[in-house]
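Assemble the complex: chain A is given as a structure, and chain B must be docked to it using the hints.
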Amino acid sequence: MALAGVASVFALLPLGYLAVRALERGPGYAWELVATERTASLLGRSLGLTAVVVAACLVLGVSLAWLTVRTDLPGARFWSVLVTLPLAVPSYVAAFTWLSAAPGLAGFTGAALALTLVSFPYVYLPVTAALRATDPAQEEASRSLGLGPVRTFLRVTLPQLRPAAAGGGLLVALYVLSDFGAVSLMRYDTFTRAIHTSYRASFDRTPAAALSVVLVVMTVLLVAAEARTRGRAGHARTGTGTARPALPAALGRWRAPALAWCGAVTALAVVLPLGTLGYWLAAGSSATWDPARLAQTAWATLGVAAAGAALTTVLALPVGVIAARHRGRAARLLEQTAYAGHALPGITVALALVFLAVRYAHPLYQELPLLVAAYAVLFLPVAVAATRAAVLQAPPVLEDVARSLGRSPLRALREVTVPLAAPGVAAGAALTFVVCMKELPATLLLRPTGMDTLATRLWTETGAGAFAAAAPYAAALILLAAVPSYLLGRHRT
Amino acid sequence: MRRLPARRRLAALAAAALVLPAAAACGGDGQGDPGDDSALVIYSGRNEKLVKPILDQVEKAVGTKVEVRYGDSAELAAQILEEGDRSEAALFFSQDAGALGALSKEGRLEKLPEKTLGKVDPSYRSGKGDWTGVSGRARVIAYNPDKTAKAPDSVHDVTGAKWKGEVGYAPTNASFQAFVTGMRVLEGDDATRDWLKDLKANGAKEYANNLAVLDAVDSGEVSLGLINHYYWYERVAEKGDDAVTAKLHFLPGGDPGALVNVAGAGVLEGSGQSEQARKAVDFLLSEKAQTYFAEETKEYPLAAGVDPQTEDLPPLDSLDSPEIDLGELDSLQETLAMLQDVGMV
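If you're matching them up, the sequences are chains A and B in order.
So the first sequence is residues -6 to 486, counted in the working numbering.
So the second sequence is residues 14 to 358, counted in the working numbering.
FYI, nobody ran anything at the bench for these hints, they're computed from the structure.
Just so you know, nobody snuck in bad clues.
Per the computed footprint, the stretches of chain A lying under chain B, defined by three or more beta-carbons under 8 Å from a beta-carbon of chain B, are:
id, region
1, 91 to 103
2, 170 to 183
3, 346 to 357
4, 433 to 444
Think of the CB as a built atom: it goes at the ideal place given N, C-alpha and C, for glycine as much as any other residue.
Chain B on its own, in the form it takes in the complex:
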């Protein structure tokens, strides 16, 4: 007679399955009402944990209700393209220049006012003037001072015998891939493929993401790590100065390993919310928001006249980053083909 209770339990479960959705529908939040045309809808490819506090303030700055949809930058861009001109998104806040470039290429972004564009150095915004960088992120080499006194001055050095098995990197990470794209633009495909092959042949270790690379440097598993600068500052903020062994080295001489990429924003064509969206971009470039990025996400503010408050963070204009048009970083497809070719992804 064991079968009865089991059957009853499953029946109860099935009944719950029918009742719960109704309950959830009633108890669910009333947000996301598509009928609410006055709300400014932001698609954010930047992580909620990082940018929610500042996006929450957009509402006050713009003067209308704001709804934020968080997701993955690339997937949200694909979603906006699939939604076409019926998209509810008025502003796209992207984690990288590539996704913005894709929307720009399809003509989905509006040109921004000169006043807005004027706040940001031309090298950190679209040549077409239809998106702008909001915060900057520099590629750096993290090193473990217990294992090496000095980090190399070029990514070309890390493929040398001295660093055999001592370099960590995250090949699936978008920032690493943007850096490789940058190297292709700066030095050509052949040189870049050779460098990647040498890196792999030199026993460089692959990690899942930048934080894992940083942890590996910190623990001495490897001596060097190719990462973005803000991961180190986040770790220091989280664990305290003493608990982080790794140090950062900003590369001199316009080395491809010193590429500065951006997270940025663009206003979508035909949302009927252009004015509010433009105001929101202005807010993201305001001193308040820029200071937030400097202090909370440890990125470089890009609006003129805002200085980073973070100790130890070298000023953006002191960095010797390579001269490159970020709009040219859209050949990611070729980079991925190359990474697949050499067996890194």
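Next up, chain A with everything else stripped away, as it sits in the complex:
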């Protein structure tokens, strides 16, 4: 409970800062900044992009999850690993590779494409887990009652996947709202890009803060909408049935199109960015290689990302458990605060921590702990979503049994729930690890002077126009992030 409190304080830090900054010159001024036609138009653009990307991610994520888990798709395991790899590709790298392949894509199409291709695994992963966990008996009953495979999928399977898909969709939505890299390269103006531009153009933090508050409001609405979609569905099997894999559906004449679908997605989301990087690696002279520095940077990146993932997971654990097991208003509020920082652009969160650390934790300023804390603020929802889903699938009846056998609530949690939810929680940690590795704006402002991560090196090299020199860092980032992504793809619950 204390930890949950710490987590929510963490998540609320940027909000406190935003309130201070936005109201610096009075609420009237802040309102004047926000209540403009441009705000409305940017909001429309951001929401439009979010809607399209979320819809596309749902189609990609659910279809691929069903194909790889529930059908006799040839090489299902191979595909299930491949389609999680895009997680390792930072949005700015995806956008850059797309632009260099097809400059005409710039704008809405390019931004939507790049963001969809890097974020659909957020839907794929939880839906896969849900598909593996649901009892196939209902589907078999549906088939035996004469419904075809498509109608069975739509009427029986899909409703069971709704909570998982909605949770993944929420993460995608928040990711799109906060993304700066892809939209900026694709020159598609969104809310987050306007916030960046505002810092850049006027160095005036009040307008940027006022606009950020709008993003926070949007987040709260999105989280509330997702909670509605999720409904009151219970996910754990309550009967005594044994876990049994579903019989794979025969694809028949759909085998070739299904393979083409998986192949096309993989080609666009994995092969294209890697291919472009390969081209740059080949184009670069050996002078651009600095293996010692690359290794040192990679090691530092692993260190901070691991620390970030560890702290985030520890903080997310109580929030996730409470969100899964309690239905009260307080529990919902706690979960929603955890999401608050996630839709904010990295620079806003970073400046909030600059502001607070300089005043109240000066010795920590520009030291590793503060950077790690920033990761926790930014990525708490990723870990919370994974934890909540994992705890939901641990039958609460087992906790009740433990309680009836005289275990204290805490002990029941430790001895029953945590071990059952552990793989899911670990998967969440791996996912957080990947997103920490890719983070750029907060890392730039908060890292200790002289420290580099792969993402900041990538930024340095491309800033000097040296794409060939940047390629090894991009490749290392993708390869290292691919390891946990690979494990996530192999992960079976």
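Leaving out everything else, chain B in the frame of chain A:
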């Protein structure tokens, strides 16, 4: 029984996540120690790849340890403002005049000694005397000689029918935006908005950055490109003279397309390191550093008495750049609103 190995793998990963940070903390570099009050902290908005060699020499010139924090000029300026008077930064080395102007406006910069200011032509430093340009960067038109024998003499010509679909530019680039701001100062908002609309209507092609524009000119994708001069010299240095088709045209007659902007430095108020920071500014204006900028980053040295060594680079005083107070380029917000208005960014 497939689930056990997977679970074990993930558990191992989680364990690694707990162990690694400790390892990284021990093995990490000892730099960035905030307790080290004697070190001169420089916030550099200029790219590490470009300026590290010369900043490494500041240490010797100033006589104290130097720590450099690299970042984006605008974000570092915002960071300095957010840090307030507890900022550890003693010197801000900015990629453009705008970020320095913002710090100046908030009263965060100290006035520089007359001796230092005297080295630089007044048009390349702050009117308040609290920052100075260190190197100059000229706007030019790059052209492809295979497609056109002669580049136009004014940016106003590139919106003509002759260049329909043949002009490349980078609307999100800070230098392009500073140039548009310059045009607004020189010719007014209405004329500038009309020019931007005409440029877009003429099918000018947008690119991600100046290098992409230059590449497009080089490959003949477009005939003309609006860029900064040093990109061309960098490409020539990287690929060799023969491998670069594009040529540069420096515009005559004080055309807005010939604006000379600066990268510069300012000393921060209340860092307790003012003296060292001022010495560092002097070093950046020394012959050694100025020669570095001329030879390595292919920019114009701004300190009097230092001549550029680069072949083919016309001397700064031979350029016919528009008369403009760089301090007036701080109305970037309005420029961005205009660019958004015409649909360029």
